[in-house]
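Using our numbering, read the sequence shown as starting at 6 and increasing by one per residue.
Hints were generated in silico from the structure; no laboratory data involved.
Incorrect hints may have been included.
Pairs of lysine-lysine, DSS-like flavour, derived with a Cα cap of 25 Å [unchecked claim]:
hint: 1; residue 1: K396; residue 2: K855
hint: 2; residue 1: K62; residue 2: K482
hint: 3; residue 1: K199; residue 2: K695
hint: 4; residue 1: K457; residue 2: K423
hint: 5; residue 1: K855; residue 2: K73
hint: 6; residue 1: K182; residue 2: K628
hint: 7; residue 1: K404; residue 2: K342
hint: 8; residue 1: K609; residue 2: K280
hint: 9; residue 1: K699; residue 2: K184
hint: 10; residue 1: K59; residue 2: K73
hint: 11; residue 1: K855; residue 2: K182
hint: 12; residue 1: K271; residue 2: K699
hint: 13; residue 1: K62; residue 2: K380
Distance ranges between label pairs, derived from CB positions [to be verified]:
hint: 14; residue 1: A165; residue 2: R767; range: 18 to 28 Å
hint: 15; residue 1: A512; residue 2: Q385; range: 17 to 27 Å
hint: 16; residue 1: Q385; residue 2: K828; range: 40 to 50 Å
hint: 17; residue 1: D141; residue 2: P24; range: 27 to 37 Å
hint: 18; residue 1: N259; residue 2: V646; range: 21 to 31 Å
hint: 19; residue 1: G763; residue 2: K828; range: 43 to 53 Å
In this text, a Cβ means the ideal position worked out from N, Cα and C, and glycines have one as well.
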Amino acid sequence: MIPRYLRISGFTSYSERQPAEIDFSELDLACISGPNGAGKSSLLDAITFALYAKARKTDEAIINTASKRAEVCLDFEYEGQTYRVQRSLTRGKGSSLEFYIQNPEAVDDPARAWRSLTRHSVKETDREIENTLRLDYESFVNASFFLQGKADSFATQRPAERKRILSSILGLDQWEKYKKAATDRISDCTSQLKLNEDRMGDVQRYLDQEDSRRKEQQELVGQRALAAEKLRAELASLETQRANQERLRAQRENHQLLQRQADSAKAAYTSLEDKLTAKQNQWKDLQADLAQAEVIEAAFKDYQELREHLSQVDQLAEQAKPLETELQKIQGDLAAKLAELRTEAHLLEEEQKRILDAQGKGSTLDRDIVEIGTKIEELQGRLLRKDALDKEIEAAEAKVNEWKSTEEVIKQRGKDLKARVEKLAAVEGAKCPLCGGPLAEHDRERLMAEIKQELEEKRRDYADAQAAQKEAWESKKALQNERNALTANESQLHAFQLKAEGLVGHANRLAEEKAAWEEERLPRLMVLQDLLNNEAFMPELRERAVELEGLLKDLGYDPDEHAALRRAEADGRQSQDALRHLEVAKTQVAGLQASIQEDEAALKLQDAQRRALQDEADAAAAKLASETAGMPDPRVIEENVAVLQEDLAEVDRRLGAADQWVHDLGTQQERKKALLQEAHDLRTQIADLKSLEKAFGKDGVPALLIEQELPELERQANEILQRLSNYGMNVQISTQREYKDKKRQDRIETLDILISDGSSIRDYETYSGGEAFRVNFAIRLALSKVLAQRAGARLQTLVIDEGFGNQDAEGRQRLIEAINIVKDDFALVLIITHIEELKEQFPARIEVSKNSVGSVVELIPG
Numbered sequence: 006m007i008p009r010y011l012r013i014s015g016f017t018s019y020s021e022r023q024p025a026e027i028d029f030s031e032l033d034l035a036c037i038s039g040p041n042g043a044g045k046s047s048l049l050d051a052i053t054f055a056l057y058a059k060a061r062k063t064d065e066a067i068i069n070t071a072s073k074r075a076e077v078c079l080d081f082e083y084e085g086q087t088y089r090v091q092r093s094l095t096r097g098k099g100s101s102l103e104f105y106i107q108n109p110e111a112v113d114d115p116a117r118a119w120r121s122l123t124r125h126s127v128k129e130t131d132r133e134i135e136n137t138l139r140l141d142y143e144s145f146v147n148a149s150f151f152l153q154g155k156a157d158s159f160a161t162q163r164p165a166e167r168k169r170i171l172s173s174i175l176g177l178d179q180w181e182k183y184k185k186a187a188t189d190r191i192s193d194c195t196s197q198l199k200l201n202e203d204r205m206g207d208v209q210r211y212l213d214q215e216d217s218r219r220k221e222q223q224e225l226v227g228q229r230a231l232a233a234e235k236l237r238a239e240l241a242s243l244e245t246q247r248a249n250q251e252r253l254r255a256q257r258e259n260h261q262l263l264q265r266q267a268d269s270a271k272a273a274y275t276s277l278e279d280k281l282t283a284k285q286n287q288w289k290d291l292q293a294d295l296a297q298a299e300v301i302e303a304a305f306k307d308y309q310e311l312r313e314h315l316s317q318v319d320q321l322a323e324q325a326k327p328l329e330t331e332l333q334k335i336q337g338d339l340a341a342k343l344a345e346l347r348t349e350a351h352l353l354e355e356e357q358k359r360i361l362d363a364q365g366k367g368s369t370l371d372r373d374i375v376e377i378g379t380k381i382e383e384l385q386g387r388l389l390r391k392d393a394l395d396k397e398i399e400a401a402e403a404k405v406n407e408w409k410s411t412e413e414v415i416k417q418r419g420k421d422l423k424a425r426v427e428k429l430a431a432v433e434g435a436k437c438p439l440c441g442g443p444l445a446e447h448d449r450e451r452l453m454a455e456i457k458q459e460l461e462e463k464r465r466d467y468a469d470a471q472a473a474q475k476e477a478w479e480s481k482k483a484l485q486n487e488r489n490a491l492t493a494n495e496s497q498l499h500a501f502q503l504k505a506e507g508l509v510g511h512a513n514r515l516a517e518e519k520a521a522w523e524e525e526r527l528p529r530l531m532v533l534q535d536l537l538n539n540e541a542f543m544p545e546l547r548e549r550a551v552e553l554e555g556l557l558k559d560l561g562y563d564p565d566e567h568a569a570l571r572r573a574e575a576d577g578r579q580s581q582d583a584l585r586h587l588e589v590a591k592t593q594v595a596g597l598q599a600s601i602q603e604d605e606a607a608l609k610l611q612d613a614q615r616r617a618l619q620d621e622a623d624a625a626a627a628k629l630a631s632e633t634a635g636m637p638d639p640r641v642i643e644e645n646v647a648v649l650q651e652d653l654a655e656v657d658r659r660l661g662a663a664d665q666w667v668h669d670l671g672t673q674q675e676r677k678k679a680l681l682q683e684a685h686d687l688r689t690q691i692a693d694l695k696s697l698e699k700a701f702g703k704d705g706v707p708a709l710l711i712e713q714e715l716p717e718l719e720r721q722a723n724e725i726l727q728r729l730s731n732y733g734m735n736v737q738i739s740t741q742r743e744y745k746d747k748k749r750q751d752r753i754e755t756l757d758i759l760i761s762d763g764s765s766i767r768d769y770e771t772y773s774g775g776e777a778f779r780v781n782f783a784i785r786l787a788l789s790k791v792l793a794q795r796a797g798a799r800l801q802t803l804v805i806d807e808g809f810g811n812q813d814a815e816g817r818q819r820l821i822e823a824i825n826i827v828k829d830d831f832a833l834v835l836i837i838t839h840i841e842e843l844k845e846q847f848p849a850r851i852e853v854s855k856n857s858v859g860s861v862v863e864l865i866p867g
């Protein structure tokens, strides 16, 4: 993976207002420099965040405090292809991710330059990126990144974890997939074998029933013959009964016809009777109407007089209507205008109250502005010490390192003096064990006294050096605390400046509002109050309303009287209907009387016909009942036939099943042979797969491949380590070690790192400080070189974040030499450091600084 372009916005110390862009395309070896806390390591965090959504900070902590969203866009080259990852995290809304691959044939066409590889979800797209790189986050940073504070993250892992990371870096993860595939196949074959055994049990149980099934088949043949004979006898009885039922059916149809004729005659009689009753009731109603003739005629006369009066009042209403309409419109206009004036006056009064209240708070606002101004001046004065503190911290750190080196020199001198004392104490004979010359007893005692005295002085010097180192450390810590406090003061100053700007703006707005009120809206409020108090608005309409009210009074029109006359007229309309009823009754009464007499005579004739037809139907019913008595019910015989048919069908079904079972006996015997062969094949396959599972496991092929790579890894690591240690250190990597229990013949699988310093061999964990870093640096570079050689440069970028701080001048120079040795094996090498004198050691540098907005990046070519 080779970074080509990086854009950062709203990420950690990089603000949305001041995005950072870096073009890596022309770089091969560069230094990322700048003061502590400027945002150097955040550039690496941005790369791992884009690729893996991981950085030193997690979740929304990566979002710049003055930004709403963190966004990183990374273009990188990998195995001849160029990719783009664009990942963002929005405060309170979650993350988004886009993944593209460049189309080399359409680089100049923005619409076709990039083809999307983004999947349906962020999680699926993360898997696509990881599959493209073929490395997870841990393996990626262990192989290519020396992250700040994690330079030893490979060497300090537990041996088993080291082995896992090394397997991933060497591309051996595929063997784990092979092992899982073998394990899954074993599981599938085991399941198939279990299913085979279940099927074999079913087949064997089938074959075990042969004797009982053949006996059952013979019994069912006899049962079928008996059931068929019973069914034939019952069917013959059913045919006889059906002939008798056909004869009775004709008689039953004749009776039903006669009964329908009698029912029809009865219905005609009932209809004629109802019709006669209706005419008789109508004749009675007409007689009642004729008895009310005088009352109906008098009511109609009163109704005619009422209609004449109503007509006169309608004429007055027509004259009054336009006057009332105009008066109502004027009254509505006056009411609307009054409401409009009141609303406008109320709004102006509310605005006046608000402005007066705001002006009352003006003195408090002025006092706040003065107080914040004082605080801003005080904080600005404090921040003037920031640059001086950075230099004092750097000087204090140099003093700590200086005393630490002095302490090591004194400590080594003390060890040498102790060794000389031990040699003098153990000497026998007359020769000096230190110089080989003659040594008398008193000379030995004098020499021992001098050495002990110098040893005691060195002990005091060592204690003084420790005290001085502690004092320098505490001084550095105090300066750093003061520097951290100034960082907090910067945020506080920014907040106060924003608040001061807001207060001044608010005070200016209050003054502008007051001036606008007095000039524009106060005169209008005074005019409105005068109009409302004196009712002096719309005078012409008020005069016209008084005039219209006088005209209506002179006309004498009464709306209530008019409404009462209309109601009385509506109530009197029924007298018209009553009069028409009376006229009809006079014309109908004579004809209705004659019609009633005709219907009475027809009803007597219809009654005689009805009685005769019913007597004939009753006689036919009696004859049918006599012949039906004692005859068996054919439905009972039909039910018996159905039962016998079901019995025969059941016997046929059971006999068919028995015949089929005997017929399938040969098929089941063949199936048993096939299942036995299948079981044998499955067991053989399971045994083969278990052998493969063991071979694909961590102790199989992967372990052999790691063993093959370790000599080259040791050679590469030692080539670098010897340059770093002036050929004083050597590294060994062991994949096995003995158990503490000496009786055990096997060995522990591990990945131990053993270091030889010329005098002894020790575990990596027993080293600290600069020596441990050199060992780790050599191993990490060796891992990257081995990977580049065997995987076709899958990783071609090397990044070292703050790897020089714990090295002396000589150690730093050796690290730079080592970097120059391996730089040709990588397309891009980036070194992050805050040490000023190292900047000029590199052909190009990326300078990171910080202003009031956030971090700023500048590319300075060599």
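Structure-based check of all given hints:
{"no.": "1", "hint": "K396 <-> K855", "verdict": "holds (16 Å)"}
{"no.": "2", "hint": "K62 <-> K482", "verdict": "holds (24 Å)"}
{"no.": "3", "hint": "K199 <-> K695", "verdict": "holds (17 Å)"}
{"no.": "4", "hint": "K457 <-> K423", "verdict": "holds (8 Å)"}
{"no.": "5", "hint": "K855 <-> K73", "verdict": "holds (20 Å)"}
{"no.": "6", "hint": "K182 <-> K628", "verdict": "violated (98 Å)"}
{"no.": "7", "hint": "K404 <-> K342", "verdict": "violated (89 Å)"}
{"no.": "8", "hint": "K609 <-> K280", "verdict": "holds (14 Å)"}
{"no.": "9", "hint": "K699 <-> K184", "verdict": "holds (8 Å)"}
{"no.": "10", "hint": "K59 <-> K73", "verdict": "holds (19 Å)"}
{"no.": "11", "hint": "K855 <-> K182", "verdict": "violated (48 Å)"}
{"no.": "12", "hint": "K271 <-> K699", "verdict": "violated (104 Å)"}
{"no.": "13", "hint": "K62 <-> K380", "verdict": "violated (33 Å)"}
{"no.": "14", "hint": "A165 <-> R767: 18 to 28 Å", "verdict": "holds (21 Å)"}
{"no.": "15", "hint": "A512 <-> Q385: 17 to 27 Å", "verdict": "holds (22 Å)"}
{"no.": "16", "hint": "Q385 <-> K828: 40 to 50 Å", "verdict": "holds (46 Å)"}
{"no.": "17", "hint": "D141 <-> P24: 27 to 37 Å", "verdict": "holds (29 Å)"}
{"no.": "18", "hint": "N259 <-> V646: 21 to 31 Å", "verdict": "holds (30 Å)"}
{"no.": "19", "hint": "G763 <-> K828: 43 to 53 Å", "verdict": "violated (29 Å)"}
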